[in-house]
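Once you've looked at the hints, dock chain U against the given chain E.
Taken in sequence, the protein lines are chains E and U. Residue numbering for the first sequence follows the working numbering, starting at 279 and increasing by one per position. Residue numbering for the second sequence follows the working numbering, starting at 393 and increasing by one per position.
No wet-lab data here; the hints were simulated from the structure. Each hint should be verified, as a subset may be incorrect.
To be verified - Calculated pairs, DSBU-like style, for lysine-lysine (alpha carbon to alpha carbon, straight line, at most 35 angstroms): (1) U:Lys-499 / U:Lys-843; (2) E:Lys-377 / E:Lys-455; (3) E:Lys-455 / U:Lys-843; (4) U:Lys-633 / U:Lys-571; (5) U:Lys-451 / U:Lys-499; (6) U:Lys-635 / U:Lys-647; (7) U:Lys-618 / U:Lys-669; (8) E:Lys-455 / U:Lys-499; (9) E:Lys-632 / U:Lys-694; (10) U:Lys-499 / E:Lys-632; (11) U:Lys-527 / U:Lys-618; (12) U:Lys-635 / U:Lys-571; (13) U:Lys-694 / U:Lys-669; (14) E:Lys-455 / U:Lys-694; (15) U:Lys-635 / U:Lys-499.
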Amino acid sequence: MSNMAGSTSYLSIPPSNHSSTGTISYRDGNPVVNFVIGEQDRYLLGSTVRMVGNMAIYKESDGAGFGTVPAITDDLNVSPKLSAYSILDQVVISSQKNKSVIEHVKFMNRYLASYLPVISSKEEAIGHQNSQSCMLPNVETNKLGFVCNQNGVSAVSRLARGNAFCIDLPTGFLNSKEPIGLSGKGWGVGGLEISVHLAPDQQVLNGSWTNAFYQLTDVQLVCEVSNPSIERLGELSRQTQGSMEYNAISSYYTTIASSNAIINFRLGLRRVLGAFINFIPSQYLNNITYDGLQTTPLINDLSAGTIAPINQIVWQRGGVRLPKMYNENANVRTNGNSTISDPEFARSFMSAFKPFMSTTSTQQSPATNNRVGFDNMEDFVDAGLMFGLGVDYSSISQTGVDFSSENFGVQMETGLTKDNPHSAFLFVRSVQTLVFNQNGLQVIQ
Amino acid sequence: MDENDEDDRTRIPNLMQLGSIPKDLTMDQDTETLDPVVNSQTFCRFVLSNKGYLHSFSKIILGVDNAGSGTFPVNIGVHSLIERATLRIGTTVVAELDDFNHWMGYKSLFIDNQTNKERETYTTSRIMAHDFVLKNNVNAQSNVNASFYGLNTNMEYDVETAGDEGNLQSQPEIRTGNKPTFAIALADLFPFLQFNQLPLFQITQQVSVELHFTPQASLKRCIHVKTDEASGTLFNIDETKTKFVADYIYYSPEKMQEQAEIHRDSTWTYNDYRLNKRTFTQGQLQDNTIIDIGGAGRIINKVITALEGVRDPADSHMLNRYTSSAPSLVGNNNGRFTTNLIYNDNRLYPIDRTNSAVHFYDLVQAEQNIANVTRQEFTSAGTGGGLADDYTYMNYEPVSVAEGLNGNFHYIAYRLNRNERVNSRGIQLQLQYSTVNNITYTHRSWLEMVKTARLQDGMFSCDLM
Numbered sequence: 279m280s281n282m283a284g285s286t287s288y289l290s291i292p293p294s295n296h297s298s299t300g301t302i303s304y305r306d307g308n309p310v311v312n313f314v315i316g317e318q319d320r321y322l323l324g325s326t327v328r329m330v331g332n333m334a335i336y337k338e339s340d341g342a343g344f345g346t347v348p349a350i351t352d353d354l355n356v357s358p359k360l361s362a363y364s365i366l367d368q369v370v371i372s373s374q375k376n377k378s379v380i381e382h383v384k385f386m387n388r389y390l391a392s393y394l395p396v397i398s399s400k401e402e403a404i405g406h407q408n409s410q411s412c413m414l415p416n417v418e419t420n421k422l423g424f425v426c427n428q429n430g431v432s433a434v435s436r437l438a439r440g441n442a443f444c445i446d447l448p449t450g451f452l453n454s455k456e457p458i459g460l461s462g463k464g465w466g467v468g469g470l471e472i473s474v475h476l477a478p479d480q481q482v483l484n485g486s487w488t489n490a491f492y493q494l495t496d497v498q499l500v501c502e503v504s505n506p507s508i509e510r511l512g513e514l515s516r517q518t519q520g521s522m523e524y525n526a527i528s529s530y531y532t533t534i535a536s537s538n539a540i541i542n543f544r545l546g547l548r549r550v551l552g553a554f555i556n557f558i559p560s561q562y563l564n565n566i567t568y569d570g571l572q573t574t575p576l577i578n579d580l581s582a583g584t585i586a587p588i589n590q591i592v593w594q595r596g597g598v599r600l601p602k603m604y605n606e607n608a609n610v611r612t613n614g615n616s617t618i619s620d621p622e623f624a625r626s627f628m629s630a631f632k633p634f635m636s637t638t639s640t641q642q643s644p645a646t647n648n649r650v651g652f653d654n655m656e657d658f659v660d661a662g663l664m665f666g667l668g669v670d671y672s673s674i675s676q677t678g679v680d681f682s683s684e685n686f687g688v689q690m691e692t693g694l695t696k697d698n699p700h701s702a703f704l705f706v707r708s709v710q711t712l713v714f715n716q717n718g719l720q721v722i723q
Numbered sequence: 393m394d395e396n397d398e399d400d401r402t403r404i405p406n407l408m409q410l411g412s413i414p415k416d417l418t419m420d421q422d423t424e425t426l427d428p429v430v431n432s433q434t435f436c437r438f439v440l441s442n443k444g445y446l447h448s449f450s451k452i453i454l455g456v457d458n459a460g461s462g463t464f465p466v467n468i469g470v471h472s473l474i475e476r477a478t479l480r481i482g483t484t485v486v487a488e489l490d491d492f493n494h495w496m497g498y499k500s501l502f503i504d505n506q507t508n509k510e511r512e513t514y515t516t517s518r519i520m521a522h523d524f525v526l527k528n529n530v531n532a533q534s535n536v537n538a539s540f541y542g543l544n545t546n547m548e549y550d551v552e553t554a555g556d557e558g559n560l561q562s563q564p565e566i567r568t569g570n571k572p573t574f575a576i577a578l579a580d581l582f583p584f585l586q587f588n589q590l591p592l593f594q595i596t597q598q599v600s601v602e603l604h605f606t607p608q609a610s611l612k613r614c615i616h617v618k619t620d621e622a623s624g625t626l627f628n629i630d631e632t633k634t635k636f637v638a639d640y641i642y643y644s645p646e647k648m649q650e651q652a653e654i655h656r657d658s659t660w661t662y663n664d665y666r667l668n669k670r671t672f673t674q675g676q677l678q679d680n681t682i683i684d685i686g687g688a689g690r691i692i693n694k695v696i697t698a699l700e701g702v703r704d705p706a707d708s709h710m711l712n713r714y715t716s717s718a719p720s721l722v723g724n725n726n727g728r729f730t731t732n733l734i735y736n737d738n739r740l741y742p743i744d745r746t747n748s749a750v751h752f753y754d755l756v757q758a759e760q761n762i763a764n765v766t767r768q769e770f771t772s773a774g775t776g777g778g779l780a781d782d783y784t785y786m787n788y789e790p791v792s793v794a795e796g797l798n799g800n801f802h803y804i805a806y807r808l809n810r811n812e813r814v815n816s817r818g819i820q821l822q823l824q825y826s827t828v829n830n831i832t833y834t835h836r837s838w839l840e841m842v843k844t845a846r847l848q849d850g851m852f853s854c855d856l857m
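For reference, chain E alone in the conformation it holds in the complex (with noise of 0.2 angstroms):
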């Protein structure tokens, strides 16, 4: 390596786990795409990774390796607030040195179907994120540009298949400012496996094909790294021992089918900074007739749409109320036919990604967030209901609250009444350091 202080280089790395055939599917026996950032004396640029290429959507096999793909008729969608990052189940980074796992993000799609949708705005999805993920917020429009893409069902000049994306993996390790040290030798992480796993097809796409599939081909990682200076290398060898630190997100997962809902989760995270929970009836999972990456409010009655309210909600840890030191009591709690959603609850949530005063642009709205009932997967406002539950702990404490011996708690008060259980996904976000040395490495919750 030459002497290139602050010097970056690009790199493209094929998964190490390629298939025979070039092309990956969850369908076709490979659901996880691994890649392996090599142990070198560089450091990686987490913010700069991105997994890369072309996905397709079919609604059947054509029996020779790819599939049909759907008319605009065709009853077949994918949820307009992810569209490619519909794909993530979960990530998962370890050491390639070591096989230490650093973070495991469970449940990725999920977290990403609230979290994109309120940190950016419509005209930022249509724009910027329709050229990287594809992503149009509208159920119908999405699935025009997206799904019946034609684009390599005619063989005549065909270069690829379905959409070019390029989507970035949004872990908090990948995301923290801090380069990464991939050398072994003391002053980094020893190398970085980055494990993809794919969502099943019937939780990606929604609609009437039940034997609809996705498709990747020509996936690669791309990323940045930089190169340190001679100078900074001959310092750098004789450190032996680093740290890191950075905000990881923590995913959890119940469910809830009764009017007193509670949930209750010993984390074992010293410094959390924030959390949210987004629902789903469960019948909705993993269930090709419906879209699995909604967002919904609780619901009673799924043929007639009728919404159960939540009439108050209790944040605590370990029994005592935390941060709010009272009941939220929600505006439908007073008048049960409003249809607006709480604006406390609304603002909570969002200041669990980042602080209210500081969201400069979302898709949160009283069209997108609200009690309003439907009863089919497409008459929604934009890119569907974004509702969730959130609370903001950095507000009281800016190094996070502990909970490492204290349990993470939520009562709810719903009126959830009939026979429909629901899925809660649960979210932290906390302070994590990595410590390591040439032996290994360690994650300190």
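Relative to chain E, chain U alone:
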């Protein structure tokens, strides 16, 4: 930043750097409306007063004097009037931007849609903003599901009775017949002013801004309303309205004196752009081509390229000629653009870039800002649920390549990241389009070069690094 934080080691006058204003500093501002000292349909020159600091977002006011409902091109607005901008101090050319109007096609990508709709429509006539067209009632769609998206202005579509067609007229405020004037920020003409402001009071030489206007006969100034108005109108610049609204910033006399003494001999670096332009045929673009674009012996941070499809008449296109063409489709199959940059015997990317989403990502990374352009506008992909066809703007179909937005924002940027001076071989650009339309193309590359400036006893000089 604290007032005492001045760092003599950098030799950069800190009051010249935008943003570095001490919190307890008293500041005063004086605005002067300058008439050009030379003013014609092809050229104008402004001479600035040597006082205070020149505010980088001082404005140049321009307008055209024509009847009718034509407008400036939808993506770059009034910037279409300026072909070249030069900032001179004495006889030294401090900054010069060739094909400034085409350059603004690139820079305008990075303006937020809402900003265009709410502000730029009225200040520069740039109106690029998107929204879904919900009025289309074909297929008995609901009121929330759209088949396509179009421009989002402050006007509503005139919808045909059947509901399957509509047209969006331009806003009256931007029609040339209503004689609007618009403002161009000095920092847009000379990008280094985004980060620095000129200490005019320290400069003893004449400071002038020269604008070379886009020739009338090229029809590259404005666009006409399709079908309702004929092509070929020569849009005159209203010379009576051409002004420079200069804002001068003053601090306390003690502070100004202190700055003048501390920075009697100052040097700093800034970026300037050099244009490389050439013509291509369809056949040349479809071959794997490597072209020299210059930069030998210089420090180059970035290369920005655009491929203008030469379609006549220029004024019969929503974007006029301020486009960058994506590879064209073959039937419904997307085209492919393969590229790399070669300098100092190395390729910038380890594998040639071919994925259109990665091209977009490279653009965003190079500019460190998000481009507000859709997939179909960038690369023609995603047909079907994309740009509107029967819902037009000024009777132009947004989905059309030849008159609309489809595949006409395919600007490509390369960030040279090895922190090296380019050797005597210069930079080579490798490019290949799988398919392009059978017209002539003009390819532009702007090289972002690092220059050093020196202000010594009131005399200004600059040199390329």
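These are the hints, each one checked on the structure:
A threshold of 35 angstroms between alpha carbons decides the hint, and for U:Lys-499 with U:Lys-843 the separation of about 21 angstroms falls inside it, so the pair holds. For the suggested pair E:Lys-377 and E:Lys-455, the alpha carbons sit about 23 angstroms apart, so the restraint of at most 35 angstroms is met. Of the supplied pair hints, the one linking E:Lys-455 and U:Lys-843 holds, its CA atoms being roughly 30 angstroms apart against a limit of 35 angstroms. Restraint check for U:Lys-633 and U:Lys-571: the C-alpha separation of about 10 angstroms stays at or below 35 angstroms, so the hint holds.
The straight-line distance between the Cα atoms of U:Lys-451 and U:Lys-499 is roughly 17 angstroms, inside the 35 angstroms bound, and the hint therefore holds. For the hint linking U:Lys-635 to U:Lys-647, the alpha-carbon distance of about 31 angstroms falls within 35 angstroms, and the restraint holds. The straight-line distance between the Cα atoms of U:Lys-618 and U:Lys-669 is roughly 30 angstroms, inside the 35 angstroms bound, and the hint therefore holds. The hinted pair formed by E:Lys-455 and U:Lys-499 meets the criterion: a straight-line CA distance of about 27 angstroms does not exceed 35 angstroms.
Distance restraint check for E:Lys-632 and U:Lys-694: the Cα-Cα separation of roughly 32 angstroms lies within the 35 angstroms cut-off, and the hinted pair is therefore satisfied. Distance restraint check for U:Lys-499 and E:Lys-632: the Cα-Cα separation of roughly 29 angstroms lies within the 35 angstroms cut-off, and the hinted pair is therefore satisfied. About 22 angstroms separates the Cα atoms of U:Lys-527 and U:Lys-618, which keeps this hinted pair within 35 angstroms; it holds. For the hint pairing U:Lys-635 with U:Lys-571, the CA-to-CA distance comes to about 15 angstroms; that is within 35 angstroms, so the pair holds.
For the given pair, U:Lys-694 sits about 16 angstroms from U:Lys-669 by alpha-carbon distance, which is consistent with the 35 angstroms threshold. Taken as a hint, the E:Lys-455 and U:Lys-694 pair is honoured in the structure, with Cα atoms around 23 angstroms apart against an allowance of 35 angstroms. Proximity of U:Lys-635 to U:Lys-499 is assessed by CA-CA distance (about 23 angstroms); at most 35 angstroms being required, the pair is judged to hold.
Going down the numbered hints, you'll see the structure goes against none, and every one checks out.
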